[in-house]
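For this one, chain U is given, so just place chain X on it according to the hints.
If you read the sequences in order, they're chains U and X.
The first sequence: position 451 = 450 (numbering that gives the first Met the number 0), numbered continuously.
The second sequence: position 37 = 36 (numbering that gives the first Met the number 0), numbered continuously.
Worth flagging that the hints you see were computed from the coordinates, not collected in a lab.
Mixed in with the good hints, there may be bad ones.
Claimed, not checked - Restraint ranges, calculated between C-beta atoms of paired labels, are given here: (1) U/523 - X/45: 49 to 55 Å; (2) U/239 - X/166: 44 to 50 Å; (3) X/166 - U/352: 41 to 47 Å; (4) U/566 - X/158: 55 to 61 Å.
Stated by the list, open to error - Not close to chain U: a few residues of chain X, all C-beta gaps over 10 Å, as computed: (5) 25; (6) 26; (7) 41; (8) 43; (9) 112; (10) 146; (11) 150.
Said to hold, decoys possible - In silico EDC-like pairs for lysine to aspartate or glutamate, Cα to Cα no more than 20 Å straight-line: (12) X/55 - X/105; (13) X/104 - X/170; (14) X/159 - U/61; (15) X/126 - X/109; (16) U/393 - X/123; (17) U/655 - U/61; (18) U/195 - X/136; (19) U/55 - X/56; (20) U/337 - U/435; (21) X/159 - U/473; (22) U/195 - U/167; (23) U/197 - U/407; (24) U/195 - U/336; (25) U/55 - X/105; (26) X/126 - U/386; (27) X/159 - U/167; (28) X/55 - U/336; (29) X/33 - U/60; (30) X/55 - X/20; (31) U/197 - X/143; (32) X/33 - U/288.
Here the structure is a predicted model, which means the values were calculated and not measured.
Quick reminder that beta carbons are idealized off the backbone N, C-alpha and C, glycines included.
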Amino acid sequence: MQSPIERMVRGEDPVKAGAPVCVLRQIGGRRLFPALALLVIAFCAPAIADDKKEIKESSLEELMNIRVYSASKHLQSTSEAPSSVSVITHDDIQKYGYRTLAEILRSVRGFYISYDRNYSYLGVRGVLRLGDFNNRVLLLIDGHRINNNIYDQAMIGSEFAVDVDMIERVEVIRGPSSSLYGANAFFAVVNVITRKSKDIHGLELSFEPGSFGTYKGRSTYGGEFRKVNFVFSGTFSESAGQNLFFEEFNSPATNNGVAMHADDTSYRDLLGTVSFHGFTLQVVSSYREKGIPDAAVHLCGRANSCGSFDTVFNDSRTRNIDRQQYVDVSYEHPMADKWRMTLRTFFDQHRYDALYVYATADVSGPAEVLNKDLGHGTWTGGELKLDRSFQKQKLTFGTDLRYNLQQDQVNYDVNPYLLFINSHHTSFNWAFYGQDEFAITSKFTVNAGLRFDRYYSFGGTTNPRLGLIYRPLEKTTVKLLFGDAFRPPNAYEQYYAGAGLSEGNLRLHPETIQSSEAVVEQMLGQHYRISGSVFHNKIDHLITQELDPANGLLVFQNSQKARATGTEFELNARFAGMQGSVSYNFTQAENGGTSRGLANSPKHLGKLNFSAPLGTPHLFGSVDAQYESLRVTEGAGVVGGFPIVNLTLFSPQVQKHVALSASIYNLLDKRYAFPAGQLLEPPFVQDGRNFRLKMTVHF
Amino acid sequence: MALIWFIAAQVATGQSPGASEYEVKAAFLYNFAKFVEWPPNTFSDDGPLRFCVVGKDPFGGELETTIQGRTVGGRQLAVWRPHSAEESRHCQVLFVSISGRGVVKELLTELRGAPVLTVGEDREFLKVGGMISFVLDEERVRFEINPISAEREHLKISAKLQALARAIVAEGTGK
Numbered sequence: 000m001q002s003p004i005e006r007m008v009r010g011e012d013p014v015k016a017g018a019p020v021c022v023l024r025q026i027g028g029r030r031l032f033p034a035l036a037l038l039v040i041a042f043c044a045p046a047i048a049d050d051k052k053e054i055k056e057s058s059l060e061e062l063m064n065i066r067v068y069s070a071s072k073h074l075q076s077t078s079e080a081p082s083s084v085s086v087i088t089h090d091d092i093q094k095y096g097y098r099t100l101a102e103i104l105r106s107v108r109g110f111y112i113s114y115d116r117n118y119s120y121l122g123v124r125g126v127l128r129l130g131d132f133n134n135r136v137l138l139l140i141d142g143h144r145i146n147n148n149i150y151d152q153a154m155i156g157s158e159f160a161v162d163v164d165m166i167e168r169v170e171v172i173r174g175p176s177s178s179l180y181g182a183n184a185f186f187a188v189v190n191v192i193t194r195k196s197k198d199i200h201g202l203e204l205s206f207e208p209g210s211f212g213t214y215k216g217r218s219t220y221g222g223e224f225r226k227v228n229f230v231f232s233g234t235f236s237e238s239a240g241q242n243l244f245f246e247e248f249n250s251p252a253t254n255n256g257v258a259m260h261a262d263d264t265s266y267r268d269l270l271g272t273v274s275f276h277g278f279t280l281q282v283v284s285s286y287r288e289k290g291i292p293d294a295a296v297h298l299c300g301r302a303n304s305c306g307s308f309d310t311v312f313n314d315s316r317t318r319n320i321d322r323q324q325y326v327d328v329s330y331e332h333p334m335a336d337k338w339r340m341t342l343r344t345f346f347d348q349h350r351y352d353a354l355y356v357y358a359t360a361d362v363s364g365p366a367e368v369l370n371k372d373l374g375h376g377t378w379t380g381g382e383l384k385l386d387r388s389f390q391k392q393k394l395t396f397g398t399d400l401r402y403n404l405q406q407d408q409v410n411y412d413v414n415p416y417l418l419f420i421n422s423h424h425t426s427f428n429w430a431f432y433g434q435d436e437f438a439i440t441s442k443f444t445v446n447a448g449l450r451f452d453r454y455y456s457f458g459g460t461t462n463p464r465l466g467l468i469y470r471p472l473e474k475t476t477v478k479l480l481f482g483d484a485f486r487p488p489n490a491y492e493q494y495y496a497g498a499g500l501s502e503g504n505l506r507l508h509p510e511t512i513q514s515s516e517a518v519v520e521q522m523l524g525q526h527y528r529i530s531g532s533v534f535h536n537k538i539d540h541l542i543t544q545e546l547d548p549a550n551g552l553l554v555f556q557n558s559q560k561a562r563a564t565g566t567e568f569e570l571n572a573r574f575a576g577m578q579g580s581v582s583y584n585f586t587q588a589e590n591g592g593t594s595r596g597l598a599n600s601p602k603h604l605g606k607l608n609f610s611a612p613l614g615t616p617h618l619f620g621s622v623d624a625q626y627e628s629l630r631v632t633e634g635a636g637v638v639g640g641f642p643i644v645n646l647t648l649f650s651p652q653v654q655k656h657v658a659l660s661a662s663i664y665n666l667l668d669k670r671y672a673f674p675a676g677q678l679l680e681p682p683f684v685q686d687g688r689n690f691r692l693k694m695t696v697h698f
Numbered sequence: 000m001a002l003i004w005f006i007a008a009q010v011a012t013g014q015s016p017g018a019s020e021y022e023v024k025a026a027f028l029y030n031f032a033k034f035v036e037w038p039p040n041t042f043s044d045d046g047p048l049r050f051c052v053v054g055k056d057p058f059g060g061e062l063e064t065t066i067q068g069r070t071v072g073g074r075q076l077a078v079w080r081p082h083s084a085e086e087s088r089h090c091q092v093l094f095v096s097i098s099g100r101g102v103v104k105e106l107l108t109e110l111r112g113a114p115v116l117t118v119g120e121d122r123e124f125l126k127v128g129g130m131i132s133f134v135l136d137e138e139r140v141r142f143e144i145n146p147i148s149a150e151r152e153h154l155k156i157s158a159k160l161q162a163l164a165r166a167i168v169a170e171g172t173g174k
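Next up, chain X with everything else stripped away, as it sits in the complex:
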């Protein structure tokens, strides 16, 4: 049957029709940066706005492709892979991939006081102090927000982003 042959050919050439999950998530991260305001003394110089990845990198270069040649608020963009919690404090958007789950709570505690927008991939992330978390809803990427975690670091998540969130999970104390 022509149908089966065609599918086999598609799989063999490695071409996956449609969007890859992480391509879409990379685009989301770029958009998050557009709709979040960092506190006034976040940037000490004309340095770039840093997108960082902690844990096993699932993007496969998509994050670099997404930010290439673009700016946010007049600022250049860069992708960085920090090696320690201390280095992570210099990121503006920090994506924590699933395989890093074990150390997440510790990492988030180490980031206290630093204006870093933390983004994770499950609701638990929001409950231990994360700010935004991706959720897959029937083959579509959605996100949930914990505004309390963001407020704690004086990050302002715009009303537009909040309105598009699938859920607001307001947990934890502001301190």
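Next comes chain U alone, as it looks inside the complex:
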């Protein structure tokens, strides 16, 4: 890789008055970081003295661009929420070098990730079911639900529809929230708030090269014209991926176990948000194509047509494409008598298209068969919410409507043409909810909510939530939280039938969770916050794929349960430009019926995030680290515990208008893997040490 830092530095002007500059010089090789840190200190320290004189002489515009450090407000604001909330800001994303939403979520207390070289999956408090579609978390973009309508999947890896650098803030609302949000708000609600024109002001260009032949480019423009605020952003990214080795195919006939050029990723994201006078119009369009290097190793991909045929190993034609688009219009308006109305309507489309290459055993016909698997969904709907604040109370009422215009699943062989699955459905659901936040005394607040959802397929479900928030002292908060949530059966579980292999199940009903949690949050002085919680999750009616004894076909049934109990601690600190958090989660998760430990469930999760300025406000060094204890795989094998350490050096202003960052991921070059979905399947090995450089220019 070239050294853009060095190239930039050589062309630089000497220090201008009023613009303290920290000069970076790159030293090659692996010992970059400590040597760089020392040099940075040497070059930057003298620049500090100039800053003080500057501020009182600054103009209004200059004052507005100065970064200041203030701890307590940021730490305290999430204490008032009726659940346990974690917030990750745009600033955090730059400092810690997060490349995807999955990497952001991996740093959250109690959360963990799995990646199968195709999609990323989120586990919360000990539960991440193997082979499932990541539909136990509700993912929102600016309040717009993005879980698709075939798999209800929350796409959080490179398949997420928005560039991670266009995120202003991620709000992770822990706990079941179906009382407000409805379906799939099972373990958490993740609301991704995108950057608006007030956050951008002008043109921003970004370029980042990284390991494995990866590069990403983004251009964003934000501005205001006659009271209309707008942001437009486009991102493209290509990654060649790695040539991966699989022991199972280690023979000369199958390229000695190496899958070549099969781990590629490419994506394009477009985002446009326009707002004026309470109206917001947002358009999102994203495309992601992923080569699937391990389809042969993990025989049954989503095609679910495994058994008679084997996917050909080392064929880079095996891949899938996800296309997502939506238009969302929302309108917020204060009404008569202090009520506020929010109206939203949307139109979404998601297209999943996959191609698998199979070898046939049939000697007389073609040696290989191309199989296409697709899931196309279109949906539309509206939401109306009314809320009003009284002196001691805040009332919210709302109704949601969703019409699934298209839920198509098709699977066929191209040549000779054989149609296996041909499922077309439409469906409809609506809901009504209410929530009351009542301050009984100045120290004690009750938050109660209830939502009724009616589904065309399985009928109705009612989900309550109760939060008791007690603040005995200004700096202490105690919360008792109880809530129910549900995950409805998705179109795949209900309708994917055919091929003589699987049958649908129209009698499926939703999975349910009943959760209770006690949390204590304490501010220590202005700069520290510590919190601890104890929780219990009771999960029932888990939809599981089984063999129908009557006909030997695969079918989904509400047949399992899980129980998870645990405790969590977190310490947050913020002062003088430094910020950090340490968290620990202990969860005991069991299969409800048998009290056997749950597969893919780490008992211990530790997170460490720390960021500090290195001698100047213009350079930050940050550590993003996680530790996970071992996970049991489906076949009672074990996947080892591992620490992952990521380091990022970030300069928000290496030159005026230019930000630069350099990151090392998996610093310790730990070889780690995640359990796979089927019995006897080998685990998914993850990446070793890799790098990324990023430069952003603001005009």
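Below, chain X alone, put in the same frame as chain U:
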């Protein structure tokens, strides 16, 4: 690791790299005075333009440092700490710090009829009659304006200041 040692040294010597929040807010207050017009008979003599602080003083001398040796509209500047609402009426720029929150509404009512530019630190301040409020937006100091409160005391906030405000919160009646 050299990095950790260096950070520890920084913290130990009490040197905080970068700008302190109140240093920046003090500079803002000075700038507010430059872009606000007080009604004609505000100043009865050649007395100074007074910056006042009510509640626990968070500036630690920064306000004095900021105004030292400078003028606004040809007028000298001074920092003052009033002891009562009555005394506060003689201020031109009055900063209400967070710890004074409990008495804010009362104080603002007592200031009616006096041409005082009131500056606070949360949006609630604007809703109970305050004029400008500081807001921290991702480590940067921004401000929001309630023009109705300013108009009520015949203070003119210049268009430039209004344009740079993060939000205009026009609440309350003009009377």
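Subject >> Index of numbered hints that the structure contradicts, given in increasing order >> reply: Hint check: 5, 6, 21, 23, 24, 25, 27, 28 and 32 fail, others pass.
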